[in-house]
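Q: Following the hints, complete the assembly by docking chain D onto the known chain Y.
Protein chains: 2
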Amino acid sequence: MEQKTLPSWIAVDWGTSNLRVWAMDDSANILATQSSPLGMNAIAGDEKLSFEGVLIDLIDRWLPTDVPDGQAIPVVICGMAGAKQGWREAPYCEVPTAPADLAMGAVRPDVADPRISVSILPGLCQRGDADVMRGEETQLVGFMALHPDFSGWVCLPGTHSKWARLSDGQITAFRTYMSGEVFALLSQNSILRHSVDETWDDGAFADAVLAAKAQPSGFLHSLFTVRAGALVAKDGAVVPPGASVLSGAVIGAEIADVLGLLKAGDEIALIGAGKLASLYQAALLVHHHKAVPMDGAAITLAGLTRAHRVVIG
Amino acid sequence: MEQKTLPSWIAVDWGTSNLRVWAMDDSANILATQSSPLGMNAIAGDEKLSFEGVLIDLIDRWLPTDVPDGQAIPVVICGMAGAKQGWREAPYCEVPTAPADLAMGAVRPDVADPRISVSILPGLCQRGDADVMRGEETQLVGFMALHPDFSGWVCLPGTHSKWARLSDGQITAFRTYMSGEVFALLSQNSILRHSVDETWDDGAFADAVLAAKAQPSGFLHSLFTVRAGALVAKDGAVVPPGASVLSGAVIGAEIADVLGLLKAGDEIALIGAGKLASLYQAALLVHHHKAVPMDGAAITLAGLTRAHRVVIG
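Taken in order, these protein sequences are the chains called Y and D. Just so it is clear: in the first sequence, position 92 is 92 by our numbering, and no numbers are missing. Just so it is clear: in the second sequence, position 214 is 214 by our numbering, and no numbers are missing.
Worth double-checking, as some hints may not be accurate.
Because identical chains share one entry, a pair is satisfied inside a single copy or across any pair of copies.
Claimed, not checked - Using 20 Å as the maximum straight-line C-alpha spacing, the simulated EDC-like pairs for lysine to aspartate or glutamate come out as follows:
#1 K234 <-> D129
#2 K84 <-> D295
#3 K234 <-> E89
#4 K84 <-> D235
#5 K263 <-> D25
#6 K290 <-> D149
#7 K213 <-> D110
#8 K234 <-> E94
#9 K48 <-> E267
#10 K213 <-> D202
#11 K84 <-> E47
#12 K263 <-> D207
Hints are computed from structural coordinates only; laboratory data are not their basis.
This is chain Y alone, in the form it adopts within the complex (with noise of 0.2 Å):
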């Protein structure tokens, strides 16, 4: 039986519904990962669970049987776990701000088992146009290990897609969207579910797209007429499907009011997986900007990473 490797430290994301840990060495290399549906929210609705109890069962298998005092395996963790309801509260981090500022205010909970040391990274606020987030801050921060002279937007597409501004190594400004969200009730529980299936159309997207920017003060009408243009269409004339146009013109409201903040030079670059980064990249693409999709988890890892050298000093 082969010896087993110990980690030199273990990187955790802890999001409001998913958990996602991984044992690294000290080059940086991933010695095992695992994930868990025992997000924030999960933790706090059930009363039988905590989050030390809930991390130490999923890393339990990578921990010494004990470990000699003062070697405990730290532990650097991003996302909701540091929010109120979290297991600590890690105080937002205030624009502007640099990687290493965001690291420096971690938060060390309270721990039972020896074997680990925990820091729980800070998140991300703004004052004056108010905003908050926790756990992009640190992919931004993993984006900004990977592209250092990068300078313009980046945006993590979700259920409340956030845009931030780097610029000389400074995070410097972001603005939260609901987009996501809203097209989940929109699309579910409001008038428009009867015109939302699983037909696509790329055009029809990208029409709503233009259109969102043609006309930005629209919003609120441009979602009715996902249901009117069905409604008033001649018999036999094709029906854009609602979902494409949906889509389109709440991915592309979000867009335009981005694109309106652009200043020369600035770049886009686009942090996700899967078909809702393709629809931004697709949507970008509309506007002549084009933003290849990154893998979200990998940049996740190097902002834990990047944290990680900073807390062990």
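A: The following block gives chain D in isolation, referenced to the frame of chain Y:
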């Protein structure tokens, strides 16, 4: 016992979730009125109900025991009874259209009861910028009967708010906004439900209305600030109530779009009652437009009265 006065005709407003009937004399006086929750949806969802049966139940005591041939009492109906899923489909009239065109488009469903003769008024549609309405067109006709020289936009707030442009005795264009439904979904089913309660602040509402016009493309971002505003507030700071901010953002976005369509000399009128109409009034006043809400039921009845005159010939 008093001899009962027979109505010379009966006016009916048949909505999605409500039904209202008026017994009318020849001089446009109301002899009696009734209402019922048996709107189109309730009838479509219960195979034991029929449109004719529900109507007769509601107006039976206004009708004579029997009527001579050719003397059936006219019943004029607007609203969802004319939808595809209604009593009998009354195909949409297309803008631009005049009140007489709408009345001439009425359809006459077969009726088993010989005491009534039923006309169902059509809805209104717009191609190009696709849109539809059913019921509100009759309010517009009533408004035009009461204000024949009005030129500008009429607002009918609701789940799906309608704005219609009236000019030279015609309805020339209209736009539906999903504002009411979007507000309901966001305040009840989205993450913003945690930020919305009974607390209200007129100033916060007005600020959000102004912000919606200042940043017309920022709607999906402004929604998230309802939540983020509370999260980033410093200890002891007064947080604007979420309901006021969300309501101002949604109604403000709708009004900002319409204000962009105003032509020189255009007036604005507001048909509705209760809290929602007051909010539209307040939002319009933020932008220096005075519009006093007018009672919708009276205006519907004026529209049905106008249609009855045309239908009767």
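Q: Could you run down the list of hints and mark each one as holding or not?
A: Do the hints match the structure? See the list:
Proximity of K234 to D129 under the C-alpha cut-off of 20 Å is restricted to the inter-copy arrangement: shortest distance 14 Å between copies versus 45 Å within a copy. Neither within a single protomer nor between protomers do K84 and D295 lie at most 20 Å apart by alpha-carbon distance, with minima of 28 Å and 48 Å respectively. Only between protomers do K234 and E89 lie at most 20 Å apart by alpha-carbon distance; the minimum there is 15 Å, versus 58 Å within a single protomer. When the C-alpha separation of K84 and D235 is checked against a cutoff of 20 Å, the pair qualifies only between copies, where the shortest distance is 14 Å, while the shortest distance within a copy is 56 Å.
When the C-alpha separation of K263 and D25 is checked against a cutoff of 20 Å, the pair qualifies neither within a copy, at 40 Å, nor between copies, at 68 Å. In this assembly of identical chains, the alpha carbons of K290 and D149 lie at most 20 Å apart only when taken from the same copy (18 Å versus 53 Å across copies). In the homo-oligomer, the alpha carbons of K213 and D110 never lie at most 20 Å apart, since the shortest distance is 50 Å inside one protomer and 49 Å across protomers. In this homomeric assembly, K234 and E94 come within 20 Å of each other (Cα to Cα) only across copies, at 12 Å, whereas the closest approach inside a single copy is 54 Å.
Neither within a single protomer nor between protomers do K48 and E267 lie at most 20 Å apart by alpha-carbon distance, with minima of 47 Å and 63 Å respectively. In this assembly of identical chains, the alpha carbons of K213 and D202 lie at most 20 Å apart only when taken from the same copy (17 Å versus 31 Å across copies). For the identical chains of this complex, K84 and E47 are intra-copy neighbours only, at 16 Å inside a copy versus 51 Å across copies, given an alpha-carbon limit of 20 Å. Within a single copy, K263 and D207 get their C-alpha atoms no closer than 25 Å, and across copies no closer than 28 Å, so neither meets the 20 Å cut-off.
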